[in-house]
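**Student:** Residue numbers (the numbering used here), protein chains in the order written: chain S, -6 to 637; chain A, -6 to 637.
Among the hints, a few may not be true.
Stated by the list, open to error - DSSO-like cross-link-like pairs, simulated, lysine-lysine; straight-line CA separation at most 27 angstroms: (1) A:617 - A:565; (2) A:617 - S:2; (3) A:516 - S:552; (4) S:516 - A:2; (5) A:516 - S:617; (6) S:565 - A:332; (7) A:565 - S:332; (8) A:420 - A:398; (9) A:332 - A:399; (10) S:516 - A:617; (11) S:425 - S:22; (12) S:617 - A:2; (13) A:2 - S:565; (14) S:516 - A:552; (15) A:552 - A:565; (16) S:516 - S:552; (17) A:565 - S:2; (18) S:552 - S:617; (19) S:399 - S:420; (20) A:425 - A:399; (21) S:399 - S:332; (22) A:244 - A:22.
Worth flagging that the hints you see were computed from the coordinates, not collected in a lab.
Protein chains: 2
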Amino acid sequence: MNMTFSAVKRLLIGEPFPTSREVHERLDKVRGLAIFASDTISSNAYATEAIMHVLIVLGSGGLALTLPLALAVAALVLLVVFSYIQTIMHYPDGGGAYTVAKDNLGRYPSLMAAAALLTDYVLTVAVSTSAGVRAVTSAFPETLEYRVIIALLAIGFITWINLRGVRESGTIFAFPTYAFVGGLLLVIIIGFVRYFELFGVAPLPVTHEVVLKQKDLTGVAYIWLLLRAFSGGCTAMTGIEAVSNGVQAFKPPESRNAAQTMVVMGVLAMILFIGVASLATTMELIPGEGESILSQLTRHVSGSGVLYYWVQAFTALILFLAANTGYQDFPRLSSFLAKDGFMPRWMQNRGDRLVYSMGILTLALLSSGIVLIFGADEIAMLPLYALGVMLSFTLSQAGMSRLMKKVGSLQPGESLFTGVTTIHYEKNWRWKQHVNQVGAVVTAVVFAVLVATKFLEGAWLVALVIPLLVYLFDRIHVHYEQVATALSTSTVQESDLIEVANVVIVPIADVHRGTLLALQYAKRLSNDVRAVCISTSPQMRERVTARWARFPRLTAGIKLDIIDYDYRDILKPLEEYIAHINRVEFPDQLVTVVVPEFISPELTAQWLHNQTATVLRARLHHMKDIVVISVPFHITEENGQLKA
Amino acid sequence: MNMTFSAVKRLLIGEPFPTSREVHERLDKVRGLAIFASDTISSNAYATEAIMHVLIVLGSGGLALTLPLALAVAALVLLVVFSYIQTIMHYPDGGGAYTVAKDNLGRYPSLMAAAALLTDYVLTVAVSTSAGVRAVTSAFPETLEYRVIIALLAIGFITWINLRGVRESGTIFAFPTYAFVGGLLLVIIIGFVRYFELFGVAPLPVTHEVVLKQKDLTGVAYIWLLLRAFSGGCTAMTGIEAVSNGVQAFKPPESRNAAQTMVVMGVLAMILFIGVASLATTMELIPGEGESILSQLTRHVSGSGVLYYWVQAFTALILFLAANTGYQDFPRLSSFLAKDGFMPRWMQNRGDRLVYSMGILTLALLSSGIVLIFGADEIAMLPLYALGVMLSFTLSQAGMSRLMKKVGSLQPGESLFTGVTTIHYEKNWRWKQHVNQVGAVVTAVVFAVLVATKFLEGAWLVALVIPLLVYLFDRIHVHYEQVATALSTSTVQESDLIEVANVVIVPIADVHRGTLLALQYAKRLSNDVRAVCISTSPQMRERVTARWARFPRLTAGIKLDIIDYDYRDILKPLEEYIAHINRVEFPDQLVTVVVPEFISPELTAQWLHNQTATVLRARLHHMKDIVVISVPFHITEENGQLKA
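Take these sequences, add in the hints, and give me the full structure.
**Tutor:** Right, dumping it as structure tokens:
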């Protein structure tokens, strides 16, 4: 049974890795980019469209604002990327917003950042998987009714890959990410050549079936609309913080590799984003219910050739893979929280393949739950999404601004340990601090806009979950601290320890070989052994008395208490007998109970026997000052015959 | 948690009864008849119809054969009742076909009888409940789609009543049974007065919408048809054996009370059966898809007045209650089998209210399963039904015939103990034996007819299940015998017992107050205590070493083994360490392992802690020659603060 479970586990997960192998399991930059960038880069599948979807109210004149707004988002991305590069360089052990907030803003802001991020990671998995399934079901409409099952299978597959360990998953995820980036880059280059009439190429005509009505908005309504369009574009920003949490997943030098990956990721994502937004504006594309902006753009540019299908196929695939970002970050952030005592300790246990198995499984469960509740409909999930990440940006940048102030207080050559990391004198600290301050304010405003515009559509749920999580983290921490105090040896004197009573109680139901073994063991422990038998019938009393007399040498010196009992639940009088001896004869001392047990080699035959010993052990376990000794009597099978 | 479970149990089941109350819980004849007769008497709802349903092929001339066939069934019933009165008088401890077959025919016939009866009891519950539900859904067609749920609720209700104890259920079941019998008797009396023109009353006209075609069959086909009609009528015979199994449920004198109840039951059932059959023949009723024969008969006789609704309502109710017969007999027969080691021992444990709770629950589960599988459609279940009971009649009568032969070998005044019961000289043994022989042959023929006519419709399933159950009973018996031999003290010399090794192993992960307590306890047991720590990091080794040194007096004389380990699953090296000491240093001796455990008062907080100690205990439990001692360290809550 145990062997089989172990064998199945080996087959699925692979051989266990030694702890010392950890460094070898780390990511190089090529794999790291593929793993950490899929979320951010895949958002090109919908971010431009999210802006245009709001602007369309203003007609084609409004759509012309797409590019400026995309540039604003890009500027914000640059701000955030800059901030996170600072974070990576100053916090080489990783941890992102949580660590930065903990070090600079205190417990509750840091827990809030953690709760916000964890919520968003779960949503990342649910949203990306569902969006990937939508791509599949669009291609094969007959699979539509199985969308939930397909999404759950996809989550199961990603979970499995991640349980096998980080480097292998890096390898699996590298190709589709680069294939998507390469394909989309090619589309953008061809598009620029054709539509900006480079090299004398004439633009291809774009025809529309829709005729847009112009509409003019003024004042507050106009600004509100622009803000909403801008916040739609902010979906491009999810996943940026991923690298900063995962610094330790990179090969050494970790900070340097992580920072370089972050820069490449930011630049790539912005090139694709601005490229798509420019072309969409120039080509005067119109967002509609049917075809996505990215599909329209690719179709016009590539003429529905191989390139079109390439980009479409890898769009679907990278959406699936974006879910993987969650699998990198959720378990890692959970392990940070567990290490600090805010989440269950076992969240920081590394499994056979050196990954945080419990975190991976928890994420799989939670995101599967979301997929089930929302029926794999990512459109319904979107109002909940991107809020958490924006809140964490704000907290992270506010924290970095504080840290920069501390840096500013240092003299050249001076160092300071903040409690988490060591900072040194930096010349341009004030400039960095200003950037962080601006970043904090801007992301805070965007966060407020996101909450305001999406509150009734579902954002209220996130606004409820984040404080609840913070409360839960806090309660867990209190519990761990209290247990640690209770277990602590710091105030213990050797003389404080509880006494062990000399008595040993052996509950018996019959005199068989298992009982004899238990009595023999008990006699070795103490010269005050008391066998107790709860007799439910005169026959039982007679049988036990007679058999007891057959072993005079063994039973010599053992007191046999046979208690007649007119009910059938013998556990109650047994417990009372033991509790009475403990309370009256040996108060505040440890009383020992020896429970004879026989163990059959056929596990399936165990149900044929009364489980009284097992239940008794479990019940005594919860009584104070009782030590339970199980003396097992194993029956082995030899040539089909059971033997002692 | 435990308290709550206990309180809920009290509320549902009631206060526990002492064992000595058992006799007071027994049934008087009035309640006994209600409990044991509901199955047999309720078959009047369908038995006559079952005969006519076959005969209708022959037209109205064929239907005239109903009464002769009913008389034949009644004769068979009298034969069986006579046989069972003999059984009751000769086997006052009860047990029916199983006990009789065991005592006179040997193990396998007795197991076959038991398997046949148990199968039929499960079907009794499923069929009767479903038939009762059909009556409800006929009255309220809008409940038709909930039939399975209603049937399961009904089974749940009957289960609950039975778990509360036998006398209370007797009281609940008494009224509807007597109400049905009284109502139907009145209908029969009025019917006889009207249709046999007693007291000068002219018969009421009966009109039919159906015109029957005459059809003549000859030779084998004709006899086959008669046999099928006869076997249809045999559904009236289910439940007759109930009383013989339940002799011990009656107040003393048990045999006498049971036999009298059996006679009254047989006479009542036959009066009703012959009465209905006579009237149905005289009134020339025709069985149809729509209205049942019993309903037609009652309607014509009573003129759709109060009496009609009375009989109809209590027909529905008594069908529900017939299920109760199964609840009397299945647990009791299971307890006999368990006592003889053919079923799990706990089947003979009496619950808080002195009933065989496990048998009741097993029956509830199995019959609910049948209801679910067949969708509460009793028509589909019927081909499986009544086979088992007929097989048990055959085996029972064959056994009684053998017993009578033994009785015949006795001289006046002589007695013989058969192994189960004591028999005395009887004058008219040969006559009784002949009746039993005839009964055995006739029921065997009927059994053969039942199997032949219903085989393809489902009887094959029963023909498969009965031998399978016999095999299972046999395997269980072999297991218990082997365990008993292995545990037996009959060949044990006191010198044979295994030695207890002097070593005590204490696995530790850290040095906290729980560890100190375990070490202190271990030192009391032995002067060869070895603490073992599987260290997964240099920090862990350092911490344990430092803290260990803080308690020089306690740790003096204890060997501390810190083993560096490069994986994270520390259970494996721990098990190997313990097994190695057992194998190499102390072969064939008991090695003691002390596991420190800390127990939190908040059960809900238990999931916050690694369950290593629990898993270790479970794994060591399955290793040979290892004694596990759990030394619990309880943390208690005081004023919201956790304390040691």
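**Student:** Given the hint that residue 516 of chain S pairs with residue 552 of chain A, test it: the Cα-Cα distance must not exceed 27 angstroms.
**Tutor:** holds, 25 angstroms
**Student:** Run the distance test for residue 425 of chain S versus residue 22 of chain S: straight-line Cα separation, threshold 27 angstroms.
**Tutor:** holds, 26 angstroms
**Student:** Hinted pair, alpha-carbon criterion (27 angstroms max): residue 516 of chain S, residue 2 of chain A. Please report holds or violated.
**Tutor:** This hinted pair is violated, its Cα atoms lying about 39 angstroms apart.
**Student:** Checking one constraint from the list: CA of residue 516 of chain A to CA of residue 617 of chain S, max 27 angstroms. Satisfied?
**Tutor:** Cα-Cα ~21 angstroms, so holds.
**Student:** Quick one, are residue 399 of chain S and residue 332 of chain S close enough, alpha carbons at most 27 angstroms?
**Tutor:** holds, 26 angstroms
**Student:** Between residue 2 of chain A and residue 565 of chain S, is the straight-line Cα distance small enough, at 27 angstroms or below?
**Tutor:** Satisfied, since the Cα-Cα distance of roughly 15 angstroms is no more than 27 angstroms.
**Student:** Within 27 angstroms, alpha carbon to alpha carbon, are residue 516 of chain A and residue 552 of chain S?
**Tutor:** Judged against 27 angstroms, a Cα distance of about 25 angstroms means the pair holds.
**Student:** Could you grab the alpha-carbon distance between residue 565 of chain S and residue 332 of chain A and see if it respects the 27 angstroms cut-off?
**Tutor:** Measuring from Cα to Cα gives roughly 24 angstroms; hence the hint holds.
**Student:** When you check the alpha-carbon spacing of residue 420 of chain A and residue 398 of chain A, does it fall within 27 angstroms?
**Tutor:** This hinted pair holds, its Cα atoms lying about 12 angstroms apart.
**Student:** Tell me if the straight-line CA distance from residue 617 of chain S to residue 2 of chain A falls inside 27 angstroms.
**Tutor:** Holds, because 25 angstroms separates the two Cα atoms, which is no more than 27 angstroms.
**Student:** Would you mind confirming whether the straight-line C-alpha gap from residue 617 of chain A to residue 565 of chain A stays at or under 27 angstroms?
**Tutor:** holds, 16 angstroms
**Student:** Are the Cα atoms of residue 552 of chain A and residue 565 of chain A separated by 27 angstroms or less?
**Tutor:** holds, 21 angstroms
Figure legend: structure checked against the earlier numbered hints; the only hint not met is number 4.
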